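Protein chains: 2
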Amino acid sequence: MLRLNRTSVTAWIAVVAVIAGLSYVLIGAAVRPASAQPNAPAARVEFTADGKLKQPVGYRKWVYIGTPLTPNDMNDGEASFPEFHSVYMDPESFAHYEKTGKFRDGTVLVKELSSVGSKEAPSGKGYFQGEFTGLETAIKDSKRFKDEPGYWAYFSFGHKYPLKAEVAKGAVASCNQCHADNAGKTDWVFSQYYPVLRAAAPKSK
Amino acid sequence: MLRLNRTSVTAWIAVVAVIAGLSYVLIGAAVRPASAQPNAPAARVEFTADGKLKQPVGYRKWVYIGTPLTPNDMNDGEASFPEFHSVYMDPESFAHYEKTGKFRDGTVLVKELSSVGSKEAPSGKGYFQGEFTGLETAIKDSKRFKDEPGYWAYFSFGHKYPLKAEVAKGAVASCNQCHADNAGKTDWVFSQYYPVLRAAAPKSK
Numbered sequence: 001m002l003r004l005n006r007t008s009v010t011a012w013i014a015v016v017a018v019i020a021g022l023s024y025v026l027i028g029a030a031v032r033p034a035s036a037q038p039n040a041p042a043a044r045v046e047f048t049a050d051g052k053l054k055q056p057v058g059y060r061k062w063v064y065i066g067t068p069l070t071p072n073d074m075n076d077g078e079a080s081f082p083e084f085h086s087v088y089m090d091p092e093s094f095a096h097y098e099k100t101g102k103f104r105d106g107t108v109l110v111k112e113l114s115s116v117g118s119k120e121a122p123s124g125k126g127y128f129q130g131e132f133t134g135l136e137t138a139i140k141d142s143k144r145f146k147d148e149p150g151y152w153a154y155f156s157f158g159h160k161y162p163l164k165a166e167v168a169k170g171a172v173a174s175c176n177q178c179h180a181d182n183a184g185k186t187d188w189v190f191s192q193y194y195p196v197l198r199a200a201a202p203k204s205k
Numbered sequence: 206m207l208r209l210n211r212t213s214v215t216a217w218i219a220v221v222a223v224i225a226g227l228s229y230v231l232i233g234a235a236v237r238p239a240s241a242q243p244n245a246p247a248a249r250v251e252f253t254a255d256g257k258l259k260q261p262v263g264y265r266k267w268v269y270i271g272t273p274l275t276p277n278d279m280n281d282g283e284a285s286f287p288e289f290h291s292v293y294m295d296p297e298s299f300a301h302y303e304k305t306g307k308f309r310d311g312t313v314l315v316k317e318l319s320s321v322g323s324k325e326a327p328s329g330k331g332y333f334q335g336e337f338t339g340l341e342t343a344i345k346d347s348k349r350f351k352d353e354p355g356y357w358a359y360f361s362f363g364h365k366y367p368l369k370a371e372v373a374k375g376a377v378a379s380c381n382q383c384h385a386d387n388a389g390k391t392d393w394v395f396s397q398y399y400p401v402l403r404a405a406a407p408k409s410k
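Chains as they are written, first to last, in this note's numbering: chain A, 1 to 205; chain B, 206 to 410.
Hints were generated in silico from the structure; no laboratory data involved.
Here the structure is a predicted model, which means the values were calculated and not measured.
Among the clues, some could well be false.
[Stated by the list, open to error] Dumping the calculated BS3-like pairs for lysine-lysine here, alpha-carbon to alpha-carbon at most 27 Å: (1) B:K390 / A:K119; (2) B:K408 / A:K160; (3) B:K307 / B:K369; (4) A:K54 / B:K408; (5) A:K125 / B:K324; (6) A:K185 / A:K102; (7) A:K125 / B:K390; (8) A:K125 / B:K330; (9) A:K54 / B:K266; (10) B:K365 / B:K266; (11) B:K351 / A:K61; (12) A:K203 / B:K259; (13) A:K61 / B:K266; (14) B:K365 / B:K257; (15) A:K119 / B:K259; (16) B:K369 / A:K203; (17) A:K185 / B:K330; (18) A:K160 / A:K102; (19) A:K160 / A:K125.
So here's chain A without its partners, still in its complex pose:
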């Protein structure tokens, strides 16, 4: 026989409860998928204290949605967006888009620009990517950009390297107005040029 006073038993129960509780919390946090986390608007990018956007990082592992091409040689030698535009969406917002067909509050789109490096290869004549030349970002945020049309703000880190480390949002007239005028029906995004987006929307499944 072993004698334990009530305090000892209470202590044992407390230990069990703490371990069980801790397990629940830790396991819960570990297995909870990222998409089930609270939707932190634009969680994948950072802003400075005065509201400038820091250059996004890690976006080459986000979800690729398409590559329009506006070569300089088809735009009087200097395209507005030279030249390949590889566009990525943050994975959490893409997951939301797959379910709803909507760009959620906090959606981040990154457009990485690269030059035309070659116009002929063993696969044929055409346009082949050269070097990275620029980086732009569009962010939908109904709080931070509550006065922007559609809540979208646009940022350009430049069209030649080295890129800027942080930038203020562009004036409405410089980007937003064109998106509003030409892509207003698809929430300011030119979805018609992105088959990945069209295929991912629920209505197409």
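Assemble the complex: chain A is given as a structure, and chain B must be docked to it using the hints.
Chain B in isolation, oriented as in the chain A frame:
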């Protein structure tokens, strides 16, 4: 005072041990990153019993590496690979490439083809993606394809929809020879047309 016999205490200790052990196992399994799993060659694709490759799935969330374009209108009306070629690499092999600059055994590259949908947009004149038209895959596997040059095998699911559900590897002459002849120095991959690959290789950092 409360009386407990030795068995009761042992039972309590056992409960605590089981909960703690279970926590360790569950948390360990949950937080272990995918990249720490054993590298199963070509784990992201499946083959039939007779060695045909099943159509890859989920690749639009792999790592995008670039988009060459060979438009029909620049290739006598019918390009060998019509027209946009968006190329993806499986994430585990990309992580290996970032560390080593090498295509590991088991690397899977998926090339998704899409048509030219428009040649003018608000962003300028150029080429804009239309509809998905085709799907091809290249796989490096020193066991399964030990007789192929460079251990790479190439598969085409077709250049128009509906795509084939499963396909045998192409003859060496149809793909591999051209890759060997023109990209032999970069392990059969045309890295020169993919700035994402060049930027990801360790030597460029």
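Checklist entry - What hints, given by number in increasing order, does this structure fail? => result Of the numbered hints given earlier, those the structure breaks are 3, 11, 15 and 18, listed in rising order.
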